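A.B. asks: From first to last, the protein sequence lines stand for chains Z and Y. Take the position in the first sequence, starting the count at 1, then add 1221; the result is the number in my numbering. Take the position in the second sequence, starting the count at 1, then add 1221; the result is the number in my numbering.
Quick caveat, the hints were computed from the structure, so don't treat them as lab data. Predicted, not measured: the structure shown is a model, and the values here were computed from it. Do not rely on the hints blindly, as some may be mistaken.
Same chains, same names: a pair is fine if it fits in one copy or spans any two.
Stated by the list, open to error - Only pairs whose alpha carbons sit at most 30 Å apart, straight line, appear in this in silico DSSO-like list of lysine-lysine:
1) K1354 to K1335
2) K1302 to K1243
3) K1690 to K1243
4) K1388 to K1335
5) K1471 to K1421
6) K1588 to K1354
7) K1335 to K1563
8) K1465 to K1499
9) K1335 to K1649
10) K1563 to K1588
11) K1588 to K1335
12) K1441 to K1421
13) K1687 to K1251
14) K1327 to K1563
15) K1354 to K1598
16) K1499 to K1441
17) K1441 to K1563
18) K1639 to K1649
19) K1465 to K1639
20) K1421 to K1563
21) K1357 to K1388
2 protein chains.
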Amino acid sequence: MPANSSKTSPYLYLQIASRIEKQIMEQVLKVGDKLPSVRTLCRELGHNMSTITQAYYELESRSLIQTRPRSGYYVCLPPGKRLEAPKPSSPALNGSNEDQDDLITKVHRDGSNKAVTLLSLGVPHTSLLPVAKLNKAMLQATRTVPGSGTGYDHVQGNENLRREIAKWSLNWGGVLNELDLVTTSGCMNALSYCLLALTKPGDTVAIESPAYFGILQLAKGMGLRVLELPTNSVTGIEIDALKKAISLHKIKVCLLVSNFNNPCGSSMPAIHKKEVVKLLEHHHIPLIEDDIYGDLYFGGSRPGTCKSYDESGMVLYCNSVSKTLAPGYRVGWVAAGQFTDKIIRLKLNHSISSATLTSEVVAEFLKNGRYEHHLRKMRQTLHHNSMKYIAAIASYFPEGTRVTQPEGGYFLWIELDKRVDTTELYNKAIKFGISIAPGRMFTLQEQFGNCLRLSFGLPWNEELEKKIKILGRLIPGAFY
Amino acid sequence: MPANSSKTSPYLYLQIASRIEKQIMEQVLKVGDKLPSVRTLCRELGHNMSTITQAYYELESRSLIQTRPRSGYYVCLPPGKRLEAPKPSSPALNGSNEDQDDLITKVHRDGSNKAVTLLSLGVPHTSLLPVAKLNKAMLQATRTVPGSGTGYDHVQGNENLRREIAKWSLNWGGVLNELDLVTTSGCMNALSYCLLALTKPGDTVAIESPAYFGILQLAKGMGLRVLELPTNSVTGIEIDALKKAISLHKIKVCLLVSNFNNPCGSSMPAIHKKEVVKLLEHHHIPLIEDDIYGDLYFGGSRPGTCKSYDESGMVLYCNSVSKTLAPGYRVGWVAAGQFTDKIIRLKLNHSISSATLTSEVVAEFLKNGRYEHHLRKMRQTLHHNSMKYIAAIASYFPEGTRVTQPEGGYFLWIELDKRVDTTELYNKAIKFGISIAPGRMFTLQEQFGNCLRLSFGLPWNEELEKKIKILGRLIPGAFY
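Working from the sequences, and respecting the hints, build out all of it.
C.D. replies: Below is the structure:
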């Protein structure tokens, strides 16, 4: 039975579905809003559970709402309003190696102005973090840790923390123990030690394209040649392109952000992860896996990792709590497989040990379930934010705009008409107190000039919606 | 009038001096013990101030006691029992570059056994640290810092901390402001960024000999050639040797621990500091100055730094609170002169930012005078410890043993008969639960095999005296 004739439908569930649809169409219920639970609606309407459930199934089948596991039903963008995903990238295999240091420095500098709305930075807003509970754990740590954490910790890292991270690794199919792990000062520090352990100046590192600018800058700064590979904005690195690159180049190491990639939001399907690990292993190329967004999934379960397919110890798995709990704590880690001893030595040489108290606080958070509890809430907020941001982009950006629909993480990757220059857009937007991340930041080549990354780590509100509306208006309409 | 005839001296002050001397000779008053203050003795003996003061002067002129500024008078080792200083080093200018990684790893590993008395490590004992006050400051920081320190701090480092360090630099003749400073994860991390900024693999770095093994390992690990230079155990690097080295080698950078050097305890006289800065400047060689022990002086005032003579921004000054306040906080800094931007970039690439809360706590400690207050006490304890350790060595080590008399810091550098092998001594001592640092750890060449470093960071007590006695007995006596 067609949906729009259901008003007078003899079926109760269709009548209910129809009423909800009307509210969605009239924007009483907006994208990202949560519907009442089945139980609540039963009680309020006086119907039985199966009727309400059927009504929700009907709306879901019409793509008007979607379920979020262990959370409920949410209004989503109607099919007609959905934007396409950005096209896969196609960087040159012998591309230039120009960095965008000036642009990146400018974005950083402008961003330090407190009045600016930072859509550019992938940083969790304080309101997303369990600050009071962290402070309580910190107070406790000063009481329980010997010497209140004034002493040097174990070179390899706080033992409690390593034990808890090892346990936590079960979530992504890891079978780590505390001796497999080395703590670091955040995830970039882990990546830095991995690159220091595996490369010397002049070596080639293969990465996704677009890629996080911090990784590009680190690699360039270390005198490495960066090989950017074609990447799909949904499924991540293109495996055929990686194969081709291996046949043409002497790749020393591969570095991938396997889940909810920055900036694309892409996640490698499990089968891709396995294939990439086996391919690289076959060619004796170590893989540095950055899984910093892996715990921020919007679906029912955590995505796996490349590391879980690692049988020869060639995958160096890096992570931190900088995107989930407390960037300012600087707590990260690496499980470096056969390179663990080398990493420990590097850490000892370059910084002796990690900070004791913050390690202990994170260990406690993991141990007593507070981390999982916090993440459940954070994931819901981020998912909700992402839907709101996408809906606003669909409303306010020119037709033809492409945007990712990430299933986790922090970022939307937006592709505008190819004649739009997002670095110019940045300059206009900053005058309105809006900071975006122009696409050119995420490559060393001439590409992504018409792309931008928006972070949805800021809490959604009307003010923010206005900013996105302004941003949409600043995009030169003449091209559309 | 000869001292030993003073018993029946008609002069009151000599009678008093004589009585104190007797107590010292009979070990009622022991080396390192504090004498009653002049005021107290006046009151108790019923004499006037000038008599007591004269008595103390008399004892001081006989080298039986010494003054410690703003603290009082202390019994020191009598002249006849004093040991000579170790001879200046004479490493080969084209020496080998063998590292002692296995030995260093062994010393570290053995040291993690809680039952071992760690005379090997230059770490402040918890009892030396103001733990309760630090905890209070930490609690306060969680209340006052925005977001309780969960957010990323400024790339260059916490602004309050940099301001306070800049003010503190007045103590050593610095004229820094907060923009001159970059915070780091401890002093080794500062040195690491300096070397990353200034060198590439194959370059030569000139350092003292003996030198801190962490510096040797860092330089070797980065693929640098280490040029060890002749060093005096009192005045530090030999300037003529440095001049000669510059004429023979392409030195890319020089790295010196200018005050209370590790392991020697040497401090460069002000005139040497100035001369070295001018010499290196003339040859366009940057100087990395590690001043991590500079605040731990036993004398009346803080020694100066090479940085204070730096007019061209070629001195990169590194420091931390790891030896003075809280190693586990990982708070260090560098004032890198003309290389500051390069260091900021390196820090951003390799670790994004420093931990927020611990930076804030250290800033508060500096700001409200708690740091200075704490240091006054710590210096006295360390000085007292050093006298006790030296006296024990004079008593229990074989005749002919040479030892430094450091005027600050943590370390005694001991030279035994040249046929003694201190690596063997280490193996014997560890069986008695005593860990020492064999001389071979402090060089990449074949030297210092008969030397060892003892740290006096552990609080002095009878147990410790016994350990030093055992250590003395383990030194093969046959050579003496």
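A.B. asks: Does each hint fit the structure? Answer for all of them.
C.D. replies: How the hints compare with the structure:
1. Taking CA atoms no more than 30 Å apart as the test, K1354 paired with K1335 passes inside one copy only; the shortest distance there is 26 Å, against 32 Å between copies.
2. In this assembly of identical chains, the alpha carbons of K1302 and K1243 lie at most 30 Å apart only when taken from the same copy (16 Å versus 99 Å across copies).
3. For the homomeric pair K1690 and K1243, the shortest alpha-carbon distance inside one copy (25 Å) is at most 30 Å, but the shortest distance between copies (90 Å) is not.
4. In this homomeric assembly, K1388 and K1335 come within 30 Å of each other (Cα to Cα) only across copies, at 27 Å, whereas the closest approach inside a single copy is 39 Å.
5. For a Cα distance limit of 30 Å, the shortest separation of K1471 from K1421 qualifies both inside one copy, at 13 Å, and across copies, at 22 Å.
6. Taking CA atoms no more than 30 Å apart as the test, K1588 paired with K1354 passes in both settings, with 14 Å inside one copy and 28 Å between copies.
7. For a Cα distance limit of 30 Å, the shortest separation of K1335 from K1563 across copies, 26 Å, qualifies, whereas the shortest one inside one copy, 41 Å, does not.
8. When the C-alpha separation of K1465 and K1499 is checked against a cutoff of 30 Å, the pair qualifies only within one copy, where the shortest distance is 15 Å, while the shortest distance between copies is 55 Å.
9. For the identical chains of this complex, K1335 and K1649 are intra-copy neighbours only, at 18 Å inside a copy versus 62 Å across copies, given an alpha-carbon limit of 30 Å.
10. Taking the shortest alpha-carbon separations for K1563 and K1588, only the intra-copy value of 28 Å comes in at or below 30 Å, while the best inter-copy value is 40 Å.
11. Taking the shortest Cα distances, K1588 and K1335 sit within 30 Å of each other only across copies (25 Å), while inside one copy they are farther apart (35 Å).
12. Taking the shortest alpha-carbon separations for K1441 and K1421, both the intra-copy value of 12 Å and the inter-copy value of 14 Å come in at or below 30 Å.
13. With identical chains, the CA atoms of K1687 and K1251 are at most 30 Å apart within one copy only, with a shortest distance of 16 Å there and 78 Å across copies.
14. Taking the shortest Cα distances, K1327 and K1563 sit within 30 Å of each other only across copies (16 Å), while inside one copy they are farther apart (36 Å).
15. When the C-alpha separation of K1354 and K1598 is checked against a cutoff of 30 Å, the pair qualifies only within one copy, where the shortest distance is 14 Å, while the shortest distance between copies is 36 Å.
16. For the homomeric pair K1499 and K1441, the shortest alpha-carbon distance inside one copy (27 Å) is at most 30 Å, but the shortest distance between copies (34 Å) is not.
17. Both within a single protomer and between protomers do K1441 and K1563 lie at most 30 Å apart by alpha-carbon distance, with minima of 22 Å and 13 Å respectively.
18. For the homomeric pair K1639 and K1649, the shortest alpha-carbon distance inside one copy (18 Å) is at most 30 Å, but the shortest distance between copies (74 Å) is not.
19. In this homomeric assembly, K1465 and K1639 come within 30 Å of each other (Cα to Cα) only inside a single copy, at 27 Å, whereas the closest approach across copies is 62 Å.
20. Proximity of K1421 and K1563 under a CA criterion of 30 Å is satisfied in both settings, with 14 Å inside one chain copy and 19 Å between copies.
21. Taking the closest pair of Cα atoms, K1357 and K1388 come within 30 Å of each other only inside a single copy of the chain (23 Å); across copies the shortest separation is 33 Å, beyond that limit.
Consistency note: the structure conflicts with none of the earlier hints.
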